[in-house]
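Student: Here is what each chain is made of, one letter per residue.
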Amino acid sequence: MASFLYAAAGLVLAMTALGLVRILCGPRNADRMAAAQLIGTCGVAILLLLATASKFQPIVDVALLLALLAAFASVAFVRGVDARGNRSEAEERK
Amino acid sequence: MSPATIFDIGLAVLVLGVAAWTILVRDTFAAVVSFVVYGLLVALVWVRLSAVDVALTEAAIGSGVTGMLLLGAAARLRPAEAGATPPSALICASAAGLCTLIAMGLAATTLILPDPAPTLAPAAMAGLPASGLGNPVTGVLFVYRALDTLLEKVVLVLALVGVWSLAADEEWGGTPEISATRQPDGILTFLAQLLPPVGIVLAIYMFWVGADHPGGAFQGGALLTAMWLLVLMAGVRTAPATGLVALRLVIVAGPVIFLAIGFAGFAWADGFLSYPAGYAKPLIVIAEAALTLSIGVTLGLLALGPRRCMASAPPPSWASGCSASSPARSCYAKFWPSM
Amino acid sequence: MTLGLDLFTVLAVSAGCLFFIAGTVGLLRFPDTLTRLHALTKADNLGLGLVVLGLLPQSAGMLGALKLVCVWLIAQVSSAVVSQVIAGAIRDKGHES
Amino acid sequence: MIGSGVFMLFGVIARRGAAGGVDADPVPQALVITGIVVAFSATAMAVALLLRLFKATGEATLAVSAPKDAGGDGDRS
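Residue numbers (our numbering), protein chains in the order written: chain X, 1 to 94; chain F, 95 to 433; chain Y, 434 to 530; chain C, 531 to 607.
These are calculated hints, taken from the structure and not from any lab test. We put the beta carbon where it would ideally sit given N, CA and C, even for glycine. Please note that a few of the clues may not be correct.
[Unchecked claim] From chain F, some residues computed to sit far from chain C (all C-beta separations above 10 angstroms):
#	residue
1	L163
2	A167
3	L260
4	T283
5	V292
6	I298
7	F357
8	S368
[As the list claims (entries may be wrong)] Taking CB as the label site, the calculated pair distances span:
#	chain 1	residue 1	chain 2	residue 2	range
9	X	G26	Y	K475	38 to 46 angstroms
10	X	R28	F	P376	52 to 60 angstroms
11	F	I185	Y	A448	45 to 53 angstroms
12	X	R28	C	A586	30 to 38 angstroms
13	F	I185	C	A586	22 to 30 angstroms
14	F	G191	X	F4	42 to 50 angstroms
15	F	A190	X	G26	46 to 54 angstroms
16	F	G111	Y	G497	28 to 36 angstroms
17	X	C25	F	A190	22 to 30 angstroms
[As the list claims (entries may be wrong)] Derived list of chain F stretches under chain C, where covered just means 3 residues or more per stretch with a C-beta under 8 angstroms from a C-beta of chain C:
#	stretch
18	245-251
19	320-329
20	392-398
Excised from the complex, chain X in its bound form:
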């Protein structure tokens, strides 16, 4: 059973690697952010698989933390875009 779960975790890890291609190529920053979101979910899945495979429950806590923080970077990204928009408006007004 553990072997199968490790193999599944490895497969999801491979998907993470493929998702990285999107971060590499973009072309837009929103694409990069979307890819980061996918990788976050992949990370959560990997952690859950590892927790069950290695019978070490505290790993689930890491997954819980990661799931909570998954939205965090994306929100910061959107705020950054807004900040830029606001500034350019302010410059236009001048």
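Following the hints, complete the assembly by docking chains F, Y and C onto the known chain X.
Tutor: Relative to chain X, chains F, Y and C alone:
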């Protein structure tokens, strides 16, 4: 090879690849996003190294809060990016050479360790039963090497003082600017109202289980930070003015309480930072509770930085918009008392 | 009984992995940002959901199972919100960002 | 980046130092936790400095002599 070994090799290759990409890429935003992903993968590495406490810290601080800090900086520095000249090849080459040399030296030292590697684990475990704790890492942080932990808190506070002193004179003690446009019905507001209660419960849980299982003050504090910043970014609450006395009290409360417990050790136990027999665990839990709150606030303020308005822009008109009162604020007043 | 549960785990986790593959392929192959968002969030959450479902029989007791479901719910909420927010940013900015 | 690399070496040392009934030596682990937090405060400090420089001069490089990378935050991480 077992699937676990293959997984580890794949993970190592991936981490190295992301690290190389993060350093080589020219676009700041792409570098920051890959750094966030890098932090996530490093957290996985820590899990594979059986260091779940570190994985929690890395996931929360290394990936989450640092990512937010760098994303904000990248967005602010975007105007400067176009005119930037890449460093000369000589500088790049010498930096790369130096780093490679240091890395090789460190790797060699790690590899030539004698086979039963030197370890302090037995020494650390020996003191554990006396403290009543079940998690060896917390034991090390608060018993075996408590002085390090105390000094680290002081470093945090000093860093915050440093960040604040970078504010311009007229902005001293002002409110850290955070680009928040509040939309009462916005999806972001919904998230900022839904997640923080869950996050706070999880933070308290982490601090509480920290005594016996992976978790502790750092992880709980970092999680509090993340939730606080989420609320600020959604514009549900405004950031506190950095000049507020109450805020500064919260910041120093953790180190001061820890220090007080340390000095009490002179009176009731063997010396500085030693706990009287039988009272070790309650004292550690008290110190940890205070530290969790202090760390949460200090990390958040570090990420927010000093009050910073762009020199070219007039005071942002939307800054007043985000302090508009709303039903949500009264509901959040219990969680986020205006500090 | 144990064999049945194990079989269930294998099936559900495999199906979850399939959705992860589908999501990643969508992220790589779809033509523009909005369709990519669509691909990854739908597939990703279903993938994670199936993995969690598959791991439930293996989890340590009722509380462990509850935690797993919590992870999935939180991931679900934040993923949905994030895709909304990113899509909103794209809409506001047009093709500039 | 360099910092986290060093942290991971600590992790390897900790894992090899497994003894006394634990999976990994807790002392390096505790050091790394402390290190991550201190590294974060240093990064925050550096970012604040960079932003202040940007605010004062309008650019993110020290233009006088040695040209430094404008996306310094990416490298510094």
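Student: CB of A190 of chain F to CB of G26 of chain X, is that within 46 to 54 angstroms?
Tutor: 25 angstroms, violated
Student: If I take the minimum Cβ distance from V292 of chain F to any residue of chain C, is it greater than 10 angstroms?
Tutor: Non-interface label on V292 of chain F holds, nearest chain C Cβ at 23 angstroms vs cutoff 10 angstroms.
Student: In terms of Cβ atoms, is chain C entirely out of 10 angstroms range of F357 of chain F?
Tutor: Nearest chain C Cβ is 21 angstroms from F357 of chain F, so the label holds.
Student: Does T283 of chain F sit more than 10 angstroms from chain C, CB to CB?
Tutor: 27 angstroms, holds
Student: Going by Cβ atoms, does L260 of chain F stay more than 10 angstroms from chain C at every point?
Tutor: The assertion about L260 of chain F is violated, with a minimum of 5 angstroms to chain C.
Student: Is it the case that A167 of chain F keeps its Cβ farther than 10 angstroms from each residue Cβ in chain C?
Tutor: A167 of chain F is in fact no farther than 10 angstroms from some Cβ atom of chain C, at 5 angstroms.
Student: In this structure, is the beta-carbon distance linking G191 of chain F and F4 of chain X contained in 42 to 50 angstroms?
Tutor: Hint holds: Cβ distance 45 angstroms, inside 42 to 50 angstroms.
Student: How does the stretch 392-398 of chain F fare against chain C when you require at least three residues with a CB closer than 8 angstroms, holds or violated?
Tutor: This one holds; 3 residues, not fewer than the three required, reach chain C with a Cβ under 8 angstroms.
Student: Does the no-contact call for I298 of chain F survive, Cβ to all of chain C over 10 angstroms?
Tutor: 19 angstroms, holds
Student: Can you let me know if the beta-carbon spacing of G111 of chain F and G497 of chain Y is within 28 to 36 angstroms?
Tutor: 34 angstroms, holds
Student: Between the stretch 245-251 of chain F and chain C, see if three or more residues pass the 8 angstroms beta-carbon test, and mark the coverage as holds or violated.
Tutor: Contact hint for the stretch 245-251 of chain F vs chain C: holds, 3 residues under 8 angstroms.
Student: Taking the Cβ atom of R28 of chain X and the Cβ atom of P376 of chain F, is their distance within the range 52 to 60 angstroms?
Tutor: 54 angstroms, holds
Consistency note: the structure conflicts with the earlier hints numbered 1, 2, 3, 9, 15 and 19.
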